[in-house]
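Novice: Chains as they are written, first to last, in our numbering: chain R, 1 to 164; chain Y, 1001 to 1368.
Warning: the hint list may mix true and false statements.
[Claimed, not checked] Below, simulated DSSO-like cross-link-like pairs (lysine-lysine); rule was C-alpha separation at most 27 Å, straight line: (1) R/K138 with R/K126; (2) Y/K1194 with R/K38; (3) Y/K1169 with Y/K1158; (4) Y/K1169 with R/K31.
[Stated by the list, open to error] Every beta carbon over 12 Å from chain Y, so not counted as near; a handful from chain R, in silico: (5) D2; (6) A20; (7) E39; (8) S43; (9) I48; (10) L80; (11) A92; (12) A100; (13) G102; (14) R117; (15) V124; (16) L131; (17) V139; (18) V154; (19) V158.
Hints listed in this document are in silico derivations from the structure and should not be mistaken for laboratory results.
Computed from a predicted model, the values in this text were never measured in an experiment.
Positions of the beta carbon are idealized from the N, C-alpha and C atoms, including for glycine.
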Amino acid sequence: MDLLTPDIGLLFWQVVVFLAIFFILSRFAWKPITSGLKEREESIQSAIDLAEKTRKEMAQLQSDNQKLLAEARAEREAMLRGAKETADRMIAEARDKAAAEGQRVLEQAREAMANERQALLAQVKKEVVTLSLDIAEKVLRKELADKSAQEKLVQDLVANARLN
Amino acid sequence: MIRSLLHKVLLVSALIISPFVSSYAQEHEHEGEATHQEHHEGNAHGAETKKEGFNVGDMIMHHIRDDHGWEFAHGLKLPLPVILYSKDRGVEVFSSSKLDHDAIYNDYKLVHGKIHRVNAAGEEVHNAHVYDFSITKNVASLLLSAVLLLVIFSSVSKGYQQNRGKAPKGLQSFLEPIILFIRDEVVKPNIGPKYERYLPYLLTLFFFILVNNLLGLLPGAANLTGNIAVTMTLAVITFLIVNFSGNKHYWMHLVKPTGVPLALLPVMVPVEIVGVFMKPFSLMVRLFANITAGHIIILSLLGLIFIAKNLGGSGIASGISPLVAIFTIFMNLIELVVAFLQAFIFTLLSSMYIGSAIEEHHEADHGH
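Could you put together the complete structure from these sequences and hints?
Specialist: Encoded structure:
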């Protein structure tokens, strides 16, 4: 069985050559190859990770923008509403004030007019009294200028007094 | 795996012990050896075409065995250096062509592919121990594959330095999927998080076996991975790595397998210990048998042509040639698959053995 008995020479050469190949390839081939493969795999992985991260950041940014926009819109609305309210209130206040002022001026005018009338009436009364007194004096002076008329008057007055 | 091995053996034996072949093979086994030495000068190859008694077994053995000198085709033989060491003479180096055609050189003679010391009368000297460190066909092929591997992978590794972080180019992009496959599908899942320590060995192992399997398929090439010395070396290295990296659980499992009743321990412990040695042994035999069997099948198919010529003349031989060629091409394609498959299996099993040796045994905890 020649085929099954290993030859010492081939055994020797096989050990020597195989170990030599192994050490040379490990040092000069497998090391750079495996590290190169690993490096490339890592760079690809990191590129994918970066892309994923960027995508997430973009999404985050977009949602942030959306939120910001919504906030701005809400703020604008709130401001508009506030302004409108203030304006309405101011208008209403002005209206009320104007109305009150008008009322007050009317009241004052009315009061002044009343006072004027009072004063006028008092004046007129006084004038009328003076005038009446003057007229009465003048009439009396004229009526009682002669003696007979004075006696007659006394007599009438006595007559009337007796009747009472 | 054992079944596939069995299939191969069955297939091979069926082919060899087919009605045509058996008589020749038998002849070779028993009486053939003596006659053939006289028959043809130096190489058994000569018998194939010239002699009427074509011996398919001889032809096959000649092709799958190691040889001094590299015969690419009949008559075209590249001489290789013979390096011998013996205690009394020290190191001797000479060309293998000096020993061609049964010539005796420096008292050495090639007998059945082995170099023996002979005395002046041409008889073997049995007490002289000669160690043969020759650059044989297999060693030459081994060196060739080493050069190939170094050239290929230095180019690939240069690619990684040049296209740092970029897409692979050229040879690099061709081999990268294979390297990644070994790393991600074979080594990582079987060894676990500490895989990086073992990756260089397993990559070297895979590509060494693959390149030599493929080289072995070329016509006239050596049958390196179908040589027991080569597969033995690889299996022993795996064995050493497995046992030197074995952790506490690994050794405890040998002495006291979990979940085994105490009464069974006397049986189980020897089984476990035998298993430690069976694993590399199966690695060794699997690769050797698969590759050798593939070569034997192809050579047997081609041998059919010559057998047909012996039995029925050139007409029949050329008649069956196309059929044989189709079968041979088919077998060659299968061998191409086997070349990848066996490299893959050897690497896979090696990583599984290493993985089981360094694994932190979780199932041990809930074994009871």
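Novice: Are the hints correct? Go through all of them and say.
Specialist: Going through the hints against the structure:
no., hint, in the structure
1, R/K138 with R/K126, "18 Å, holds"
2, Y/K1194 with R/K38, "15 Å, holds"
3, Y/K1169 with Y/K1158, "11 Å, holds"
4, Y/K1169 with R/K31, "18 Å, holds"
5, D2, "7 Å, violated"
6, A20, "7 Å, violated"
7, E39, "6 Å, violated"
8, S43, "5 Å, violated"
9, I48, "14 Å, holds"
10, L80, "58 Å, holds"
11, A92, "75 Å, holds"
12, A100, "86 Å, holds"
13, G102, "90 Å, holds"
14, R117, "111 Å, holds"
15, V124, "121 Å, holds"
16, L131, "131 Å, holds"
17, V139, "143 Å, holds"
18, V154, "155 Å, holds"
19, V158, "156 Å, holds"
Of the hints listed earlier, those the structure fails to meet are numbers 5, 6, 7 and 8, in rising order.
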